[in-house]
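There are 2 protein chains.
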Amino acid sequence: MSPNFPKPHLKIPKILLLFFCISQIVAPGFAFELDESLTFIWPLPAEFSSGNETLSVDPSITLTVSGNGGNSVVVSEAFDRYKRVIFKRASGFSIFGKFRGRGSVYDISELTVIVHSESEELQLGVDESYSLTVAKRDAQSIVWEATIEANTVYGALRGLETFSQLCVFDYGTKSVQIYKAPWYIQDKPRFAYRGLLLDTSRHYLPTEVIKQIIESMSYAKLNVLHWHIIDEQSFPLEVPTYPNLWKGAYSKWERYTVEDAQEVVSFAKMRGINVMAEVDVPGHAESWGAGYPDLWPSSSCREPLDVSKNFTFDVISGILADIRKIFPFELFHLGGDEVNTDCWSSTPHVKKWLGDHSMTTKDAYQYFVLRAQEIAISQNWTPVNWEETFNNFAANLNPRTVVHNWLGPGVCPKVVANGFRCIFSNQGVWYLDHLDVHWDQVYTAEPLEGINDVSKQELVLGGQVCMWGETADTSAVQETIWPRAAAAAERLWSRREAISTGNITLTALPRLHYFRCLLNRRGVQAAPVTNKYARRPPRGPGSCYGQ
Amino acid sequence: MSPNFPKPHLKIPKILLLFFCISQIVAPGFAFELDESLTFIWPLPAEFSSGNETLSVDPSITLTVSGNGGNSVVVSEAFDRYKRVIFKRASGFSIFGKFRGRGSVYDISELTVIVHSESEELQLGVDESYSLTVAKRDAQSIVWEATIEANTVYGALRGLETFSQLCVFDYGTKSVQIYKAPWYIQDKPRFAYRGLLLDTSRHYLPTEVIKQIIESMSYAKLNVLHWHIIDEQSFPLEVPTYPNLWKGAYSKWERYTVEDAQEVVSFAKMRGINVMAEVDVPGHAESWGAGYPDLWPSSSCREPLDVSKNFTFDVISGILADIRKIFPFELFHLGGDEVNTDCWSSTPHVKKWLGDHSMTTKDAYQYFVLRAQEIAISQNWTPVNWEETFNNFAANLNPRTVVHNWLGPGVCPKVVANGFRCIFSNQGVWYLDHLDVHWDQVYTAEPLEGINDVSKQELVLGGQVCMWGETADTSAVQETIWPRAAAAAERLWSRREAISTGNITLTALPRLHYFRCLLNRRGVQAAPVTNKYARRPPRGPGSCYGQ
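In order, the protein sequence lines correspond to chains Z and H.
The opening residue of the first sequence carries number 1 in UniProt numbering; numbering runs sequentially from there.
The opening residue of the second sequence carries number 1 in UniProt numbering; numbering runs sequentially from there.
Rather than coming from a laboratory, the hints here were simulated on the basis of the structure.
Misleading hints may appear alongside valid ones.
[What the hints assert, rightly or not] With a cut-off of at most 20 Å between alpha-carbon atoms, the simulated PhoX-like pairs for lysine-lysine come out as follows:
hint, chain 1, residue 1, chain 2, residue 2
1, Z, 309, Z, 362
2, H, 88, Z, 269
3, Z, 325, H, 174
4, Z, 88, H, 269
5, H, 174, H, 83
6, Z, 309, Z, 352
7, H, 174, Z, 247
8, H, 88, Z, 211
9, H, 211, Z, 88
10, H, 309, Z, 83
[To be verified] Simulated restraints on C-beta separations:
hint, chain 1, residue 1, chain 2, residue 2, range
11, Z, 105, H, 137, 52 to 60 Å
12, Z, 342, H, 536, 28 to 36 Å
13, Z, 68, H, 127, 35 to 43 Å
14, H, 49, Z, 436, 48 to 56 Å
15, Z, 410, H, 536, 31 to 39 Å
16, Z, 539, H, 68, 51 to 59 Å
17, Z, 318, H, 428, 50 to 58 Å
18, Z, 309, H, 62, 46 to 54 Å
19, Z, 104, H, 241, 55 to 63 Å
20, H, 428, Z, 105, 54 to 62 Å
21, H, 62, Z, 127, 42 to 50 Å
22, Z, 60, H, 73, 18 to 26 Å
Quick caveat: nothing in here was measured; it's all calculated off a predicted structure.
Cβ coordinates follow ideal geometry from the N, Cα and C atoms, glycine included.
With the rest of the complex left out, here is chain Z (with noise of 0.2 Å):
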C-alpha cells in the first residue's frame, strides 16, 4: 500500500541483522556467543564482573532500604519509576494463560538500597557512587539477591538506573531476566559535571517536554541540566520583581511561571540532577526590552543591554535575586559570550558614557561582565561564563569564576593553566544543533586532552553537550538530543581507559544502537545512530538495533 516506496531495494540483508542481534545481551543457549565480552550497561561501570547464570526478577519486587538515608523519598519515589520502567510489559494476565502467576518462584524478589547519608543536598560534586550486587540467594552469599550500596541517595539512583538496564524481557518466558549473574559492580562517575543545555527562547519548549528530557538524562547518568532560558528571541521565565520583562515571551503562553521552574528544579533533584540556570549578559538580551525599553541602548539598536544605565543592573539584580529563590545549585551562568559592542559606540548616551568613564567598549564589556559576577556572588552563587570572558581579560575574572568551552578545542587546558575550572563543550564535537557531527566524533572527544597535570585535570569539573534551539522545537528537540547525548554521556562517566581503546565500532557501536533502542522502548525519540546527518528518520526498513 506504499507503491511509493521502493521497498525491494531497501531490504536490510538479514545477515546483518543476525550480527546485530547476536551483539546484544543473550540468553544462555544462544547459538551465537560472538559479543558476549560486551557489557549493555550505559555508560559502562568503573569496575564490573559477571557470571554466567540467568536470574529471573519478580514482578512484585521489593524494595527494602537501610541506613541513615534509607527512608527518602527520592530512593521510594525512584524504585516506583523504575519498576514501571523494568515491567512495562509483565501485566500477569493473559488470555492465553501463558503467563507465570502469582506464587511462581524468582530468583530476585527483593531490591535492597543501603544508603549511608541522610542528607539529600544535591551539588557539584555529590557522591554519586555506588556498588550494585545481583546474586542468586544461597547459603554461600554474603549478599542478598539484588543490593545497591551507596553514599547518598543519588548514587543509590545511579544504581537504580544501572539495575534497570540489567533487567531485559525475555520472550520466551515472557518474564524479566538477569543474565550473566552474578553481578558485582562498583561504580562512579569520572566528572562531577555531566550537562546537557537546553534552550527555551529560540523556541519554546513546554514544561511537559522539559521534563520528558529531564526523565531521558537520567537513563545516561547526566547530572546537570544547563537551562538556557532567555536569550534574544524570547524572555519566556516569569520575574515578579520585575514583572513586565516576560512580555518579551513569544506568546501569552510560551512562557514559564516561577511555579514552573520551581517544578522543573524539583522534578530534576528527584533524579539526581541539577538545574544550572543562565541568565546571559550583556549580549543574548534583546528580548529583555520587550518589557523595558529602557534596557536596549535605543529602540533602534537593541543590544547589548545599556552599560551606560544603573538601572540595568538593578534589573540583572533583580532577576538574579528572584531565581536564587528557585534555583538551589551552587553554579549559575552569566553568558558573556558573543558580545557585539557596536551599539555602545554608535549609540550617544552610552557613547558619552563611555567617554566620561575612559572606557573603549572592550573595557565596558569587561565592567559588565565583571559587575553581573559580584552580583551573582553577592548572592551566593558561584558564576559560570562563556569563553569569551577568559579569552578577553582572564587576569580580571573573578577567581571563581567556571570557564565554558564552547569555541573550539584547546581552550580548557588554557582555563586550568590560568587555575581557573573549566566546562568542555567544543563546539566542533558537543553542539548537538551540529547535524553533521557522528556519534564516532562526539564519543571520542575527550575532556582531558592537552591535560596531563593531575593537579590541573582536576580543575576540568566536566563537559556539557548544547541543544541549542534555533531549528529544534518540542517536535525535534529529543532525536537531536538521543543518541549523540549518550556518547557524550559514556565519555563523562566511564573510566577513560576502558572507552579509549581498542575499535570503538566493536566495543562501543553496538552498545550504543543497544540503549537507543532502550530509548526508544522507554518511550524517548532516540535517532538512528548512523545516519550521516543526526536527527535524520532512517532511511529504510530495519531493525532498530541496526540503524
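Since the structure of chain Z is provided, determine the placement of chain H on it from the hints.
Just chain H now, with coordinates in the frame of chain Z:
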C-alpha cells in the same frame, strides 16, 4: 554561543507573531479582538454557542457521575487523566506566594457527567455524541457549572476532551480559565470511522510508543487504530498456535506478546479507540516464512504466500483464531493489495497446481482473498480489503466487505455504487509518509466527494490517514503523524459545511496552529504546520503559534 546559525537573518517579524497571538483565545480586555470569531476547539463541534464571560476552574475540581453508565471506570479514569492534562501547571505551591490557595472561590468546582447507557461495548458506530454545558452557577441557571451528557461512556470521553480544550492556563491570574462562557455544545461525529494506520513491520514501535500515539489520537477524537502489524519485512506478533511465526521479527526484542497486544487494545478502549488488526495476505507476507518456510512458494521466491498448499490457509486460520481473542473490533483487515503473482507462475509446484485447477494467477489471487475472507467471516469478523480486491473482482467479493481505498481519488464513489462500504485513504492526500502533502491538501480532502446520493453516502464509513513505517521509527513517527492527522480528524468529525467554506487560511490555519501547540504542551512531538515538507524541524527561531 551558536555562531554557525545566522541569527540576525532569522528573526520572525514581531508583527507576524502578533498576528498569531491575537488569533488565539483571548482574555477579556486583551486589546485585539480580530479573531474572537474563531473557536479554538479541534475538531470543531457540530453545534455550539458561546458568550463573553470568563470562568475560573478549581484545580480540585470534582467529578459527579450519574445515569446507568455513571459508574464506569472508563469515565473516572478519563476524568483523572484530563485533570492532569488541564492542571499540569497548577501545583498550588509557590515560594512567591502568588497562587490562589485552598479556600479560593472558583466558578467551576464540579464536573457532572451523565451517561445514559451502562454498556461499554465499543464497536463501529458506537454513539459518540455528547452535550457540554459550561455556565456560571446562579439561580436562573438550569445547569450545574459544567455538565457533560452522553448516551455512552465514549460520548462522555469526547465531551471530556472538548472540556479540556476549553480550559486554558491564564498566566496573569495563574489559574485555569474558560473564556467566552457560557458554552452550549451539542456534538457528534460526521463519520463513524476515523482512523490512523500504524505500521509496525517496517519499523518496530515499542508498546510504550504505540500508547503515546493512541493517547494523542484521543486528543483529535480519532477512534480507530488500524494496526498494520505484519508485513514482508518483519513479523513481530506472537501467534501461540504457530509459535515460530515471530521468528520473522527483526530481533529477539522487537516483538509483541499476545499480552502486549491485549494491553494496546485495552489502553485504546479506555480512550474510546478501536484497534483494527491487519493480516495482509497473500502479498506483503514474506516474513511469515522465516518461521515456516513452507509458506513461501520456494526459498528463492518468497511472496505471495503459497496458494497451492492447505497449510497456508491453516496458518491463516490459526493466526486469525488466536488474534480474534485479542481484537474484539468487528472489522478485520485482510490486506489483499499489491499482489505480484510472478512467484506463483514461476514456481513449478504452484504452476502445476494452477494448471490442475484451471486457474490463471489472477484467478488464484481471487481464490486466495475469498478463501481468507471466508475464514475471517467464520470467526465473526467483517473483512476489510484494500481496493485492489474490489478493482479486480468486485462481483465476487463478499457483500459484507469493507473496501479500503488508497490508490487514488474517485474510488469510494464506485465502491458505494456497487453496494459496498468504503473507507477513504486516498494516498495522494492521506498517506502521511507523503511528506510533500501540505496541511491544506489533507484538510480539504473530502471522503464524500463525488457521492451525492444520501443512501450511498451512508456507505462511506469514514476515512483514515496512514502512517507507513518505511522511514518512520520511534524517533520520527509522532512528528510525521501530527499535525496533519489532525487536519483529517477535523474533516472526519466536523460538519462538512462548517469546514468547507471561506478562506481556510483564516478560519482553520490559526486553529490548527493552536492545536499543534496544544499537542506540544501535552508532550506530543507535533511538527511545524506550514513547512514545505512535513515533519521538518523549524527553520529558525519563533513561536509555536507561527510555525
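Results for each hint:
1. Note on residue 309 of chain Z and residue 362 of chain Z: the hinted pairing holds, with a Cα-Cα distance of about 17 Å set against a maximum of 20 Å.
2. A distance of roughly 18 Å separates the Cα atoms of residue 88 of chain H and residue 269 of chain Z; the hinted pair therefore holds under the 20 Å criterion.
3. The hinted pair formed by residue 325 of chain Z and residue 174 of chain H meets the criterion: a straight-line CA distance of about 19 Å does not exceed 20 Å.
4. Taken as a hint, the residue 88 of chain Z and residue 269 of chain H pair is honoured in the structure, with Cα atoms around 18 Å apart against an allowance of 20 Å.
5. The suggested pairing of residue 174 of chain H with residue 83 of chain H holds, with an alpha-carbon distance near 16 Å, which does not exceed 20 Å.
6. The hinted pair formed by residue 309 of chain Z and residue 352 of chain Z meets the criterion: a straight-line CA distance of about 12 Å does not exceed 20 Å.
7. Of the pairs offered as hints, the one joining residue 174 of chain H and residue 247 of chain Z holds, with about 15 Å between alpha carbons and a cut-off of 20 Å not exceeded.
8. Between residue 88 of chain H and residue 211 of chain Z the alpha-carbon distance is near 12 Å, which keeps this suggested pair within the 20 Å criterion.
9. For a cut-off of 20 Å, the pair hint linking residue 211 of chain H to residue 88 of chain Z stands: about 12 Å separates their Cα positions.
10. A hinted pair counts as satisfied when its Cα atoms are at most 20 Å apart, and residue 309 of chain H with residue 83 of chain Z does not qualify at roughly 47 Å.
11. At roughly 58 Å, the beta carbons of residue 105 of chain Z and residue 137 of chain H sit within the given window of 52 to 60 Å.
12. The hint said 28 to 36 Å for the Cβ distance between residue 342 of chain Z and residue 536 of chain H, and at roughly 34 Å that hint holds.
13. Hint check: residue 68 of chain Z to residue 127 of chain H, Cβ distance near 59 Å, so the stated range 35 to 43 Å is violated.
14. At about 54 Å, the CB distance of residue 49 of chain H to residue 436 of chain Z agrees with the hint of 48 to 56 Å.
15. Under the hint 31 to 39 Å, the C-beta atoms of residue 410 of chain Z and residue 536 of chain H, about 36 Å apart, fit the expected range.
16. The hint said 51 to 59 Å for the Cβ distance between residue 539 of chain Z and residue 68 of chain H, and at roughly 53 Å that hint holds.
17. Between residue 318 of chain Z and residue 428 of chain H the Cβ separation comes to about 57 Å, which falls inside the hinted range of 50 to 58 Å.
18. One distance hint, 46 to 54 Å for the beta-carbon pair residue 309 of chain Z and residue 62 of chain H, holds here, with the actual separation near 52 Å.
19. The supplied range of 55 to 63 Å is broken by residue 104 of chain Z and residue 241 of chain H, whose beta-carbon atoms lie about 25 Å from each other.
20. Between residue 428 of chain H and residue 105 of chain Z the C-beta distance comes to about 58 Å, which sits within the given range of 54 to 62 Å.
21. Separated by about 45 Å at the C-beta atoms, residue 62 of chain H and residue 127 of chain Z satisfy the suggested range of 42 to 50 Å.
22. Range check, residue 60 of chain Z to residue 73 of chain H: Cβ separation about 23 Å, and the 18 to 26 Å hint holds.
Violation of the numbered hints given earlier is confined to hints 10, 13 and 19; the remaining hints are satisfied by the structure.
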